[in-house]
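Undergrad: Chains as they are written, first to last, in the working numbering: chain L, 197 to 622; chain S, 12 to 260; chain V, 7 to 322.
Any given hint might turn out to be false.
Derived lysine-lysine pairs resembling DSS-like cross-links, with alpha carbons at most 27 Å apart [to be verified]:
#1 V/Lys312 - S/Lys81
#2 L/Lys516 - L/Lys199
#3 V/Lys312 - S/Lys23
#4 L/Lys380 - L/Lys406
#5 S/Lys81 - L/Lys306
Read the hints as simulated data drawn from the structure, not as lab findings. For clarity, every value in this text was computed on a predicted model and none was experimentally measured.
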Amino acid sequence: MIKQLTIWLLFAATLLILPEIFDSLLAISIFNQMAIMIVFALSYNMLLGQGGMLSFGHAVYFGLGGFLAVHVLRMVEYESIMMSTTLVPLVGGVFGLLAAIFIGSFSTRKAGTVFAMISLGIGELVAASSLILVSFFGGEAGISGDRTFGPPLFGIEFTQDLHIYYLGAVWMFVSVLLMYLFTKTPAGRMANAVRDNPERAEFIGYSARKVRFISFCAAGLFAGIAGGLFAVNYEIVTEENLNAVTSGRVLLMAYIGGLGFFIGPIIGAIVLTLVNSVLSNYTELWMLYLGIMFVLTVMFLPRGLAGFLMMHRLPWHLGKTRLLIRPYVLTALPASIFLLSLIGMLEMAHSSAAEFVYLGMTFNSSGIGSWIILSTLTAASFFALRLTLPQLRAAWTAANTQSALKPSTAANGNPPLNPSLKESSN
Amino acid sequence: MSILSLQNVTKKFGQTEIIRGVSLDIRQGEKHAIIGPNGAGKSTLFHLISGRYSVSSGTIHFKGAPIHNKAPYEIARLGLARSFQVTNIFPLMSVFENIRCALLWSMGYKYSFWSMLGKQTELNDKADHTLTEIGLYDRRNFPAGELAYAEQRALELGVAIASGAEMILLDEPVAGMSLSEARNAVALINKITEGKTLIMVEHDMNIVFDMADRISVLVYGEIIACDSPANVRSNAKVQEAYLGEVASA
Amino acid sequence: MIEVLTFATLNGLVTGLLLFMLASGLTLIFSMMGVLNFAHASFYMLGAYFAFSISQYLGFWPALIIAPLLVGVVGAVVERYGLRHVHKSGHVAELIFTFGLAFLIEEVVQFFWGRSTKNYRQPEILDFPLFTLFGQNFPAYKAFMIFISISIFIGLYFVLTRTRIGIIIQAAITHPHTVGNLGHNVPFIFMAVFGVGSALAGLAGVIAGPVLTTFPGMALVLGSIVFVIVVIGGLGSLIGALVASLMIGLLQSYAIASDTGMQDLLNLLGISFESDHILNDIWTITLPQIAPILPFLLLVLVLIFKPTGLFGKRES
Numbered sequence: 197m198i199k200q201l202t203i204w205l206l207f208a209a210t211l212l213i214l215p216e217i218f219d220s221l222l223a224i225s226i227f228n229q230m231a232i233m234i235v236f237a238l239s240y241n242m243l244l245g246q247g248g249m250l251s252f253g254h255a256v257y258f259g260l261g262g263f264l265a266v267h268v269l270r271m272v273e274y275e276s277i278m279m280s281t282t283l284v285p286l287v288g289g290v291f292g293l294l295a296a297i298f299i300g301s302f303s304t305r306k307a308g309t310v311f312a313m314i315s316l317g318i319g320e321l322v323a324a325s326s327l328i329l330v331s332f333f334g335g336e337a338g339i340s341g342d343r344t345f346g347p348p349l350f351g352i353e354f355t356q357d358l359h360i361y362y363l364g365a366v367w368m369f370v371s372v373l374l375m376y377l378f379t380k381t382p383a384g385r386m387a388n389a390v391r392d393n394p395e396r397a398e399f400i401g402y403s404a405r406k407v408r409f410i411s412f413c414a415a416g417l418f419a420g421i422a423g424g425l426f427a428v429n430y431e432i433v434t435e436e437n438l439n440a441v442t443s444g445r446v447l448l449m450a451y452i453g454g455l456g457f458f459i460g461p462i463i464g465a466i467v468l469t470l471v472n473s474v475l476s477n478y479t480e481l482w483m484l485y486l487g488i489m490f491v492l493t494v495m496f497l498p499r500g501l502a503g504f505l506m507m508h509r510l511p512w513h514l515g516k517t518r519l520l521i522r523p524y525v526l527t528a529l530p531a532s533i534f535l536l537s538l539i540g541m542l543e544m545a546h547s548s549a550a551e552f553v554y555l556g557m558t559f560n561s562s563g564i565g566s567w568i569i570l571s572t573l574t575a576a577s578f579f580a581l582r583l584t585l586p587q588l589r590a591a592w593t594a595a596n597t598q599s600a601l602k603p604s605t606a607a608n609g610n611p612p613l614n615p616s617l618k619e620s621s622n
Numbered sequence: 012m013s014i015l016s017l018q019n020v021t022k023k024f025g026q027t028e029i030i031r032g033v034s035l036d037i038r039q040g041e042k043h044a045i046i047g048p049n050g051a052g053k054s055t056l057f058h059l060i061s062g063r064y065s066v067s068s069g070t071i072h073f074k075g076a077p078i079h080n081k082a083p084y085e086i087a088r089l090g091l092a093r094s095f096q097v098t099n100i101f102p103l104m105s106v107f108e109n110i111r112c113a114l115l116w117s118m119g120y121k122y123s124f125w126s127m128l129g130k131q132t133e134l135n136d137k138a139d140h141t142l143t144e145i146g147l148y149d150r151r152n153f154p155a156g157e158l159a160y161a162e163q164r165a166l167e168l169g170v171a172i173a174s175g176a177e178m179i180l181l182d183e184p185v186a187g188m189s190l191s192e193a194r195n196a197v198a199l200i201n202k203i204t205e206g207k208t209l210i211m212v213e214h215d216m217n218i219v220f221d222m223a224d225r226i227s228v229l230v231y232g233e234i235i236a237c238d239s240p241a242n243v244r245s246n247a248k249v250q251e252a253y254l255g256e257v258a259s260a
Numbered sequence: 007m008i009e010v011l012t013f014a015t016l017n018g019l020v021t022g023l024l025l026f027m028l029a030s031g032l033t034l035i036f037s038m039m040g041v042l043n044f045a046h047a048s049f050y051m052l053g054a055y056f057a058f059s060i061s062q063y064l065g066f067w068p069a070l071i072i073a074p075l076l077v078g079v080v081g082a083v084v085e086r087y088g089l090r091h092v093h094k095s096g097h098v099a100e101l102i103f104t105f106g107l108a109f110l111i112e113e114v115v116q117f118f119w120g121r122s123t124k125n126y127r128q129p130e131i132l133d134f135p136l137f138t139l140f141g142q143n144f145p146a147y148k149a150f151m152i153f154i155s156i157s158i159f160i161g162l163y164f165v166l167t168r169t170r171i172g173i174i175i176q177a178a179i180t181h182p183h184t185v186g187n188l189g190h191n192v193p194f195i196f197m198a199v200f201g202v203g204s205a206l207a208g209l210a211g212v213i214a215g216p217v218l219t220t221f222p223g224m225a226l227v228l229g230s231i232v233f234v235i236v237v238i239g240g241l242g243s244l245i246g247a248l249v250a251s252l253m254i255g256l257l258q259s260y261a262i263a264s265d266t267g268m269q270d271l272l273n274l275l276g277i278s279f280e281s282d283h284i285l286n287d288i289w290t291i292t293l294p295q296i297a298p299i300l301p302f303l304l305l306v307l308v309l310i311f312k313p314t315g316l317f318g319k320r321e322s
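Please put together the full structure from these sequences, using the hints given.
TA: Put into structure tokens, the structure is as follows:
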């Protein structure tokens, strides 16, 4: 209990001091984007990770929330209504909730492929309709607003991104806390149960459909809040925020971060926002790398980055993590060379310049010499990498096994963690 | 007093009639076994009673109220619980969570998204108590999917009875168990179904004749006998169904 | 009116049959492996691009044969090394994998061929009007497309119902374990079916590329519609896929060709609204405008009222 409280306090403290450490405009704007995406990705995980419902149309609630929020900003600007900018994300949340109640009433009957297909259909339907209903959605140009017309809060008129940072941080903190607490309620727990075994859940007295519906509505609420935050941050919302690309992006974030852990989507949102904003400055191929990363994650790291981190829990518990250090380094060496040379080849192939500058070295892109060097490096490091894998595997087994001489229960009397422990008390 | 009553229940899948007019009255508090050759329709009968399948014709009443067209969750809420032939628990949740979820509805939590489960002392105590009763307290925090087979069957049992259902349907509870495991399981079943009505599908005749107050014999979707163990044993039709001919002794 | 109807029907037929070529492969793969392959339309795109590049060196006709084969090989490799690996993690993981694959293929295509539309043209030998009706030409190439599509359907039907391998495939669809126990190499059959399904998609890309334009977004455009068709027709039903494909193809064609809109309906009812009315967008909606969303509307309706689709037997 104390441990939990400490984590939340640390979280809040980090949020407060972050803009002091990284105070450039770029950093603040990236943080703002992260805040939005964290709320969005966590809301998506309520559906997929916790409820077992794969949705390809979650951006609908994000976008609808955003659109209503922008309209509210405009109404405040033209003095039709009066509302503080701080409450605008809530407006987004309410609209997202209403939309989810409506759509959820018929789409949560089944989970699985049928649900996924309905979500796809609804997503496409709403995105396409948004181009037709120009008065609400603004057509291709979208709808823009101005967040500075609301009544000032302690003298702040939200003219700067830094102000938005604190607003976003508060909303994000509250949303994350609420979504976390939801997982500890009967509705949240039964969502897990229905995900694992819908039939069994029925036989203990719960209508699987109703459980899914509640998760669905909650997910819509928080997606709408994220949309509202987006509107306040960027002051413009377009069809793009509703469409399949955005729905795909949030799926990516949640999946790469790790579906089975509450912290997974948070990690995914942070990593993907960084990739999106930072990596894109260094290479035009960042989307390609993202795609490769995604497919590899699905194949080899199905529990995402969070899952990968959590795999180290047992070794940590057994005090054996240092067994892994040397094998990791041994594997990381050829792995990094492989990655760097492969990326080098891809970038060189892609660049149109005669001379290709990479990692401080200049290559002649039309010369066969550069190609030979890079391809040999790639192939050699790949084989070297494969050679290091057995020792890595052996080290993992060792790090996960208890020593025969030590007592089998940990000091606090709890039973030892099972090596293949899956996260159950999520 | 009949707690469960089936009247002329039939069930067809397409053209195939699996249950052909079964009428059965289960008395409150009795331990009733259903036996029969493979394919007789025993599991189907359970599915019909617990709401997984709907009847093609006929009626089923539980405590006087009709349940034959109700959804499984409605029937469960009325106080009828069941276990499954193939272990059917929540594999990714801990053993404790499995039991706690089974308790939620009966303790009135419904779909609440505002009560913090960690703080519900009465609920958590009751879950721990049930765990102790079924002997799984040591495995409290393990993911249910990682228990040994016999432990999973015990958990299965625990989930079925946790909510305090008055009538319990057990589908081959000791299937796949060794002799000692089965003995323990039977002792557990006897302990936790005390005072409740139990309907059990079972193949092990020793267990059946030991535990049951009455036995129904289901053959090709029909009940050919429903009587005390001794009478069923000497029933000619039953012997013929099992042995192919009337036993000479 | 009749001329509009005739050409709309013909165009609808072309589109519908093309969609069926895609939907049939998807249905086969789904029936057999339970996987709804998001990347199916990506194979269609690969077919068009491969054909484009091959036709630059060897001409259209060799491309027609080689490109689908190449795509089939890619499909088989994807199944063998990708899908099979992910299969054990469940259906959701498979869907996510194919989704990621679709994303990846789009990026790879852009890497190798760039982002601009490719000038992939139909062969000159077919570049003439087949007939002229009511002053409008019907290109021979479209007739060629119809011809290929129908031949594929007949061929597929024949193989599945009359040949030995077809019967085995049909059996493996519903009882893979039994078929395996009978000594057939089920994993190989899976790989082959996935490869053939992908090749079919590639073939659709080869013939559609010149008409529907070859650009990196072509998979996205057609992909969702093909899903809609497969789900509406009923997951696992080839007949359903055919009916739904034709239905959607014709429906869209008629909608685009028609001149009516909400205004006509309102006029009929004697209602009119001011042009600055809040819901003006809705009152002025025309049928051609909503043509692109009709398939999705249909999808949602079908999923609500008949989740197994029109002809569906199997529910994921």
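Undergrad: L/Lys380 and L/Lys406 were given as a pair; does the straight-line alpha-carbon distance stay at or below 27 Å?
TA: It holds: about 18 Å lies between the C-alpha atoms, which stays within 27 Å.
Undergrad: Check whether the Cα positions of V/Lys312 and S/Lys23 lie no farther apart than 27 Å.
TA: holds (22 Å)
Undergrad: Please verify whether S/Lys81 and L/Lys306 have alpha carbons no more than 27 Å apart.
TA: holds (18 Å)
Undergrad: For the pair supplied as a hint, L/Lys516 and L/Lys199, is the alpha-carbon distance within the 27 Å limit?
TA: holds (23 Å)
Undergrad: Holds or violated: V/Lys312 and S/Lys81, Cα atoms, limit 27 Å.
TA: holds (21 Å)
Hint compliance for this structure: no hint is broken.
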